[in-house]
Amino acid sequence: GRAQPRPRPAAAMQFMLLFSRQGKLRLQKWYVPLSDKEKKKITRELVQTVLARKPKMCSFLEWRDLKIVYKRYASLYFCCAIEDQDNELITLEIIHRYVELLDKYFGSVCELDIIFNFEKAYFILDEFLLGGEVQETSKKNVLKAIEQADLLQEEAETPRSVLEEIGLT
Amino acid sequence: MVVPSLKLQDLIEEIRGAKTQAQEREVIQKECAHIRASFRDGDPLHRHRQLAKLLYVHMLGYPAHFGQMECLKLITSPRFTDKRVGYLGAMLLLDERQDAHLLITNSIKNDLSQGIQAVQGLALCTLSTVGSAEMCRDLATEVEKLLLQPGPYVRKKAVLTAVHIIRKVPELSNIFLPPCAQLLHERHHGVLLGTITLITELCERSPAALKHFRKVVPQLVQILWTLVTTGYSTEHSISGVSDPFLQVQILRLLRILGRNHEESSETMNDLLAQVATNTDTSRNAGNAVLFETVLTIMDIRSVAGLRVLAVNILGRFLLNSDKNIRYVALTSLLRVVQSDHSAVQRHRPTVVECLREPDASLSRRALELSLALVNSSNVRAMTQELQSFLESCPPDLRADCASGILLAAERFAPTKRWHIDTILRVLTMAGTHVRDDAVANLTQLIGGAQELHAYSVRRLYSALAEDISQQPLVQVAAWCIGEYGDLLLEGSCEETEPLQVEEEEVLALLEKVLQSHMSLPATRGYALTALMKLSTRLRGDNKAAILEKMPLVERGGTQDEEAKESKEAQHSEAALVPTEPQASKLLDLLDLLDGTSGAAQPPPPLEPSSEGTSVHLLDLPCVSSAPASIPNLKVFEREGLQLNLSFVRPPGTPALLLIMVTAINTSEADVTHFVCQAAVPKSFQLQLQAPSGDTVPAQGGLPVTQLLRILNPKKAPLRLKLRLTYNHFGQSVQEIFEVNNLPVETWQ
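Order-wise, the sequence lines are chains A and B.
Mapping of the first sequence onto our numbering: residues 1 to 169, in sequence order.
Mapping of the second sequence onto our numbering: residues 1 to 748, in sequence order.
Hint data in this document are derived by calculation from the structure and do not stem from the laboratory.
Beta carbons are placed, not taken as given, at the ideal position from N, Cα and C, and that holds for glycine.
Please note that a few of the clues may not be correct.
[As the list claims (entries may be wrong)] Reference excerpt, derived from the structure (chain B facing chain A, CB under 8 Å, subset only):
1) Thr81
2) Arg84
3) Leu160
4) His236
5) Asn284
6) Asp359
7) Leu499
[To be verified] Derived pair list, reagent style SDA-like, types lysine to any residue, alpha-carbon separation capped at 25 Å:
8) A:Lys71 / A:Asp150
9) A:Lys120 / B:Glu13
10) A:Lys120 / B:Lys682
11) B:Lys109 / A:Asp150
12) A:Lys139 / A:Asp103
13) B:Lys323 / A:Gln48
14) B:Lys73 / A:Ser35
15) B:Lys323 / A:Asp84
16) A:Lys40 / B:Gln21
17) B:Lys682 / B:Gly640
18) B:Lys168 / A:Ser35
19) B:Lys145 / B:Pro78
Excised from the complex, chain A in its bound form (with noise of 0.2 Å):
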């Protein structure tokens, strides 16, 4: 039998990335500490390799010490780094699972939702997975917690602005 692993701190899922056919970011989440320029780095480069694919190549490469998996839908990429032992089939489930729940929230989601409410989208990743791990499998759940706090938000907001509007802060 092999050894054991050794153990590394890196989250499974090391970073999520969206970007457009024009290598414009649209949501960027980072499992692990990395500065601004490194990250800026990973990004050019990453982008770069994946829109340089052509269509009819599996979704999975091998880039630095990492693995890629990544997928198209409609004019957004989805793109996951991961680790050696991790599964990429499952990844691609969790990309997946990922659109549908976007597709859910926005109704029939297109990358202009996500450009105009990318801090939903954010809330939306966070409830699906934490730390670079799935936290919750049920797509029911997720986006029953992201309305919770919507209404949430809405009632934070609310009274406020009402008074707001009729100039009484």
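Position chain B relative to chain A; hints supplied.
For chain B alone, kept in the frame of chain A given last:
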């Protein structure tokens, strides 16, 4: 009056409307000024909007560090909206390299202990995303408390935050180990999933924890069993597969626990068989679970039957229309091809099919796997497949493919002839990509297969006639022709097509190689040696024992004393040339030559050595000591450094004389910075080609050779002056001398 700043969506609209980068920058700079001002003295109620805008701008790549403190302020605000955006900002703008992140520790602590569920969730999320080791230490106990909270919403997040804490501060494992037992009884999928992840992390970090958690193997087996057998809950299913995320995580933990542990492996055996055979494979979700199952089976102490089952699943994956599935199959098969060789062999045809994959990352893996599957019974078929792959494979796989084929051929060649054919084919197809020793290997191989000399020389001649660009092929062909040229010219060989080759054709081909700009110096050397050997072997004087076929020599052979003696015996008439102590340039040599009268001295007749003397000759490409119809000449010797000249008058070019200057060093010290210059009378044309090197290694190492081409259209008597400069035994030496005793055949 404060100019109302844009709402987030309007800002985004405006940025997207910008036609140029410069315009975009302008919009953003203007807005950032607003945002800054607002942070300074704007309404705190709108702070979250300002930050949101800043975060958008940050994503576009613009600096946003001035928003860091605002994150802090928003986090401490009691309003949910503020916290939501504030924590998001913290996750995006703060990282553990900056001190600012520590400032949120207190806020997190407060929110964890006093906040409503949603707020606790935000805090946990932030901690697990950007929490540094310090923060983790400070907040570990808070997180621990939350593990026992009634609500699963917070519990599931707390469990995963614990995972992060352990990753950052492994010593804190002891806090989070005890609660796991209870958490494992969870029914909530999210909490259960987090717990499995936590236990996995604990086990991977500590052998003691690993040992401890082995006792939950039966419980894990039960959980997974229930998950896959009792009808699925639509809430957690994907394509009819019950919660594949949870299944995969459990399988992964089982792998870690079962590794190297018979008892645990046995406990999970039936379950793994069940999952392996009953998981729906029509969609990716099922295949993901199946894949993880295979990985687990292969990594634990599973029974042979289960291992074969796992390999067969991978084999089926190879036939899947989804290339992603084929990819993971190839990768996994590569991992187990050594340990489960015969099981993987069964899928060889499918693997070979994958060589045709258009995606290079798949064909590369297929190549590696194919090479690993070659054995003595399939070597012929496999080599054929690999050779046709070599013809069309992407350029970056060429070298690996060529080397792989040659290696496999070396290990498993069924016959020598097949081996020679294979190497020949590889050299023809991908000659430039093979390793350097391929040439030596092939000459060795051919040399040792006497029955195949005729066959080899014909095949190689035909190959060479077609293409003189592939250097390794040319080198081997030239060597072979030089050795076995007589076999090439005489009659037929039953194993090849009838080939009628004339002497002139062969010599012309070698001359073509010699003159081609594509030929490397080493290649030229091979060609020249071949020419010399042939001009002996093809023109009478076949009686000399010295013309016997080369005996097979060890690669890297040393100089044979016998060879040296016999050489000296032959050249006993050649005089040692006295040195002329002059520090003159080349031009001066010409002046000296012009001044002297030019009566050539007829060379003394040289008798070939008596028959019956077996002579061992070095198989050095550029050294020939055969007494040609033009005899060789030793022209110089000093302290172990010798200079020999050998001559060729290629047929068909009566004005051309080729002289190969060979410098050999039998002394104990290397000769370095060796330069040889030559001068001839004015009516001659002289061309010196680049020497093979400038160091003549000691103790008879590989000689330095240099080719001189002399055109003598007037057929004037040849005179030749040489100037040598070099370093030897720590001294710099210069020698200038005229070559005496030039054979008359060199110019008549």
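So, going through the hints one by one against the coordinates:
1. The interface hint given for Thr81 of chain B is met, as the beta carbon of that residue sits about 5 Å from the closest beta carbon of chain A, less than 8 Å.
2. Look at Arg84 of chain B: its Cβ gets to within about 6 Å of chain A, closer than 8 Å, so that hint holds up.
3. Below 8 Å, beta-carbon pairs count as interface contacts, and Leu160 of chain B has one with chain A at about 4 Å; its hint therefore holds.
4. With its C-beta approaching chain A no nearer than about 5 Å, His236 of chain B sits inside the 8 Å limit, and its interface hint holds.
5. Because the smallest distance between the Cβ of Asn284 of chain B and any Cβ of chain A comes to about 6 Å, under 8 Å, the interface hint for this residue holds.
6. At its closest, the beta carbon of Asp359 of chain B sits 5 Å from a beta carbon of chain A; the interface hint therefore holds under the 8 Å criterion.
7. Taking 8 Å as the C-beta contact cut-off toward chain A, the hint placing Leu499 of chain B at the interface is violated, the least distance being around 46 Å.
8. Only pairs whose Cα atoms come within 25 Å are accepted, and Lys71 of chain A paired with Asp150 of chain A is rejected, the gap being roughly 29 Å.
9. The suggested pairing of Lys120 of chain A with Glu13 of chain B holds, with an alpha-carbon distance near 17 Å, which does not exceed 25 Å.
10. A hinted pair counts as satisfied when its Cα atoms are at most 25 Å apart, and Lys120 of chain A with Lys682 of chain B does not qualify at roughly 91 Å.
11. For the given pair, Lys109 of chain B sits about 23 Å from Asp150 of chain A by alpha-carbon distance, which is consistent with the 25 Å threshold.
12. Annotation: proposed proximity of Lys139 of chain A to Asp103 of chain A holds, straight-line Cα distance about 11 Å (limit 25 Å).
13. The straight-line distance between the Cα atoms of Lys323 of chain B and Gln48 of chain A is roughly 22 Å, inside the 25 Å bound, and the hint therefore holds.
14. Straight-line distance between C-alpha atoms of Lys73 of chain B and Ser35 of chain A comes to about 23 Å, which keeps the hinted pair within the 25 Å bound.
15. A hinted pair counts as satisfied when its Cα atoms are at most 25 Å apart, and Lys323 of chain B with Asp84 of chain A qualifies at roughly 19 Å.
16. Among the hinted pairs, Lys40 of chain A with Gln21 of chain B is consistent with the structure: their alpha-carbon atoms are about 18 Å apart, no more than 25 Å.
17. Note on Lys682 of chain B and Gly640 of chain B: the hinted pairing is violated, with a Cα-Cα distance of about 33 Å set against a maximum of 25 Å.
18. Distance restraint check for Lys168 of chain B and Ser35 of chain A: the Cα-Cα separation of roughly 17 Å lies within the 25 Å cut-off, and the hinted pair is therefore satisfied.
19. A distance of roughly 22 Å separates the Cα atoms of Lys145 of chain B and Pro78 of chain B; the hinted pair therefore holds under the 25 Å criterion.
Hint violations for this structure: numbers 7, 8, 10, 17, all remaining hints satisfied.
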